[in-house]
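J.: So the sequence lines, in the order shown, correspond to chains A and B.
So the first sequence is numbered by my numbering: it starts at 14 and just counts up by one.
So the second sequence is numbered by my numbering: it starts at 14 and just counts up by one.
Keep in mind the hints are simulated off the structure, nothing from the lab.
Using N, Cα and C, we set each Cβ at its ideal position, and we do this for glycine too.
A couple of the hints might just be wrong.
Under the rule of at most 30 Å between Cα atoms (straight-line distance), these lysine-lysine pairs were calculated in the BS3-like manner [unchecked claim]:
#, chain 1, residue 1, chain 2, residue 2
1, B, LYS158, B, LYS200
2, B, LYS162, A, LYS156
3, A, LYS156, B, LYS200
4, B, LYS238, A, LYS158
5, A, LYS231, B, LYS231
6, A, LYS238, A, LYS190
7, A, LYS191, B, LYS234
8, A, LYS194, A, LYS208
9, A, LYS190, A, LYS156
10, B, LYS156, B, LYS174
11, A, LYS234, A, LYS199
12, B, LYS215, B, LYS238
13, B, LYS152, A, LYS152
14, A, LYS200, A, LYS162
15, A, LYS200, B, LYS215
16, B, LYS190, A, LYS156
17, A, LYS174, A, LYS190
18, A, LYS162, A, LYS208
19, A, LYS200, B, LYS229
20, B, LYS162, A, LYS238
21, B, LYS200, A, LYS162
22, A, LYS162, B, LYS162
23, A, LYS158, A, LYS200
24, A, LYS231, B, LYS190
25, A, LYS156, B, LYS215
What follows is a list of derived Cβ distance ranges for each label pair [unchecked claim]:
#, chain 1, residue 1, chain 2, residue 2, range
26, B, GLU209, A, GLY102, 32 to 38 Å
27, B, THR83, A, SER64, 31 to 37 Å
28, B, ASP35, A, LYS234, 35 to 41 Å
29, B, GLU48, A, GLN70, 44 to 50 Å
30, B, ARG198, A, ARG159, 25 to 31 Å
31, A, GLU66, B, GLU48, 46 to 52 Å
32, B, LEU164, A, ASP211, 43 to 49 Å
33, B, GLU209, A, LYS234, 43 to 49 Å
34, B, LYS191, A, GLU185, 38 to 44 Å
35, B, LEU164, A, ASN196, 25 to 31 Å
36, A, LYS234, B, LEU188, 33 to 39 Å
37, B, ASN196, A, LEU210, 38 to 44 Å
38, B, GLU48, A, LEU192, 43 to 49 Å
There are 2 protein chains.
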Amino acid sequence: MEEVLPQFNSAVSIDCVLFGFDGGELKILLIERNEEPFKDWWALPGNLVGSNESVDQSAFRILQELTGLTDVYMEQYYTFGEVDRHPQGRVITIAYYAILRLGGDKALKPLSTFAKRAQWINVRELPRLAFDHQHIFEKGLEKIKRRIKHLPIAFELLPEKFTLTQVQNVYELILGKKLDKRNFRKKILSFGVLKELDEKQKGVSFRAATLYRFDKRKYAKLYGKEISF
Amino acid sequence: MEEVLPQFNSAVSIDCVLFGFDGGELKILLIERNEEPFKDWWALPGNLVGSNESVDQSAFRILQELTGLTDVYMEQYYTFGEVDRHPQGRVITIAYYAILRLGGDKALKPLSTFAKRAQWINVRELPRLAFDHQHIFEKGLEKIKRRIKHLPIAFELLPEKFTLTQVQNVYELILGKKLDKRNFRKKILSFGVLKELDEKQKGVSFRAATLYRFDKRKYAKLYGKEISF
DNA sequence: AATATAATGTGTAATTATTACACTAAGTAA
DNA sequence: TTACTTAGTGTAATAATTACACATTATATT
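Given the sequences, and given the hints that come with them, work out the whole structure.
T.: Printed below as a string of structure tokens:
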């Protein structure tokens, strides 16, 4: 986020696209700005890079300030540097996406003064965004579309124990298309990184599905093997 | 390149990894620095982002100043922002790679004052590099390894007319491994983006190979088809 | 207790893609 | 004419992908 700076000339900021999976929907975290420019608009959370932190540190700090979370999959994906992208000066922004496990309980931390509130919003129903944030979001979504095929980021979105149908839902939401159930299961299980638990889904009407767990140890062994989920 | 700045505090620069294919070798362009810090060291070409140019414009300007070339495949791939990566201040650098057709004739343009000379150097025989440029180079090489499988960047390295063996050489150099000739040809031709010319290689001892041309129109039609060279 | 409901969970055949592998053909140079 | 060097070609085995439909199970309702 590039907030109002008293007469700045030039700065570097971080903007974050935080993805979460909740209620069967893919959502991102947006804040409603409380300051000019773009007061009352929705925007991606972000902030300036401090002079004594690396850009990675800055991204993790911003995430932590916003959500209180520290153990999150986060990756830099592009730097946006059009001259006029910020109306009040030159701000080059480095975009990160992060992938969060949304437990309904996970409250957002107090926000900085330039935001009224923060909210998880379905990526299919985004409002108009401030600055070039629509563009930044779109590039981020493209990025995770490519990533999900090669890295197990889907499991970062899911709770520790999940059903195969939930995994498939995540893939379908991110890729934006339906997948065949039998083929999907065959493939996802073929990597041997899911562990079937001796446990069933609870609190659900109708037949309960078997729960699985992602096995990081087994995944680590595949490193360099060019797997393709 | 982050040159000596009189007492700067903070800046954004561009560093470029320029790849070229010449004499059967994959090379990058390096400059020998003529200024502190890292005087007499080899470094990636780069410069500061001007206040009235976008970061993309800046990258193309630097490329053009260095080589005189404008019609080149160039892509941003990562931003490096460790606090101490430049000994004289905070410099966040945005890395681009570019892919150049090296015609033996293509002379390098006059260099800026902080470089003694520029030279194309085989990526397998790189000297120690200034700053974190070794790291920046390695990330760039990884990037084009992934890219070459999905985008026709190999053809950006080759002359307009080329033989299939030359294409294979480019793939082998970038991927760093040998490929089977028959399988490679079958695959590369199967995309239908190479046009066989009614023309043979010239000036070569031994049997001359058939020349091919890359067909951008046909490639454009494949857009979105997820092809995998 | 019986029934309706809704999601789980499973297999096979056809097609396509990938891999491994070795010799003949053609042009040049001596 | 011969030796040399690179070009150019096919097939069989294996692996991966796709298309496709129904019985099973747990719950909720009557």
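J.: Now, for every hint given, state plainly whether the structure supports it.
T.: Hints, verified against the model:
no.	hint	result
1	LYS158(B) x LYS200(B)	holds, 17 Å
2	LYS162(B) x LYS156(A)	holds, 17 Å
3	LYS156(A) x LYS200(B)	holds, 27 Å
4	LYS238(B) x LYS158(A)	holds, 14 Å
5	LYS231(A) x LYS231(B)	violated, 42 Å
6	LYS238(A) x LYS190(A)	holds, 26 Å
7	LYS191(A) x LYS234(B)	holds, 24 Å
8	LYS194(A) x LYS208(A)	holds, 18 Å
9	LYS190(A) x LYS156(A)	holds, 16 Å
10	LYS156(B) x LYS174(B)	holds, 26 Å
11	LYS234(A) x LYS199(A)	holds, 20 Å
12	LYS215(B) x LYS238(B)	violated, 36 Å
13	LYS152(B) x LYS152(A)	holds, 20 Å
14	LYS200(A) x LYS162(A)	holds, 12 Å
15	LYS200(A) x LYS215(B)	violated, 49 Å
16	LYS190(B) x LYS156(A)	holds, 27 Å
17	LYS174(A) x LYS190(A)	holds, 24 Å
18	LYS162(A) x LYS208(A)	holds, 20 Å
19	LYS200(A) x LYS229(B)	violated, 34 Å
20	LYS162(B) x LYS238(A)	holds, 15 Å
21	LYS200(B) x LYS162(A)	holds, 22 Å
22	LYS162(A) x LYS162(B)	holds, 15 Å
23	LYS158(A) x LYS200(A)	holds, 17 Å
24	LYS231(A) x LYS190(B)	holds, 27 Å
25	LYS156(A) x LYS215(B)	violated, 44 Å
26	GLU209(B) x GLY102(A): 32 to 38 Å	violated, 55 Å
27	THR83(B) x SER64(A): 31 to 37 Å	holds, 36 Å
28	ASP35(B) x LYS234(A): 35 to 41 Å	holds, 40 Å
29	GLU48(B) x GLN70(A): 44 to 50 Å	violated, 30 Å
30	ARG198(B) x ARG159(A): 25 to 31 Å	holds, 28 Å
31	GLU66(A) x GLU48(B): 46 to 52 Å	violated, 28 Å
32	LEU164(B) x ASP211(A): 43 to 49 Å	holds, 46 Å
33	GLU209(B) x LYS234(A): 43 to 49 Å	holds, 44 Å
34	LYS191(B) x GLU185(A): 38 to 44 Å	holds, 39 Å
35	LEU164(B) x ASN196(A): 25 to 31 Å	holds, 27 Å
36	LYS234(A) x LEU188(B): 33 to 39 Å	violated, 23 Å
37	ASN196(B) x LEU210(A): 38 to 44 Å	holds, 42 Å
38	GLU48(B) x LEU192(A): 43 to 49 Å	violated, 56 Å
The structure shown violates the earlier hints numbered 5, 12, 15, 19, 25, 26, 29, 31, 36, 38.
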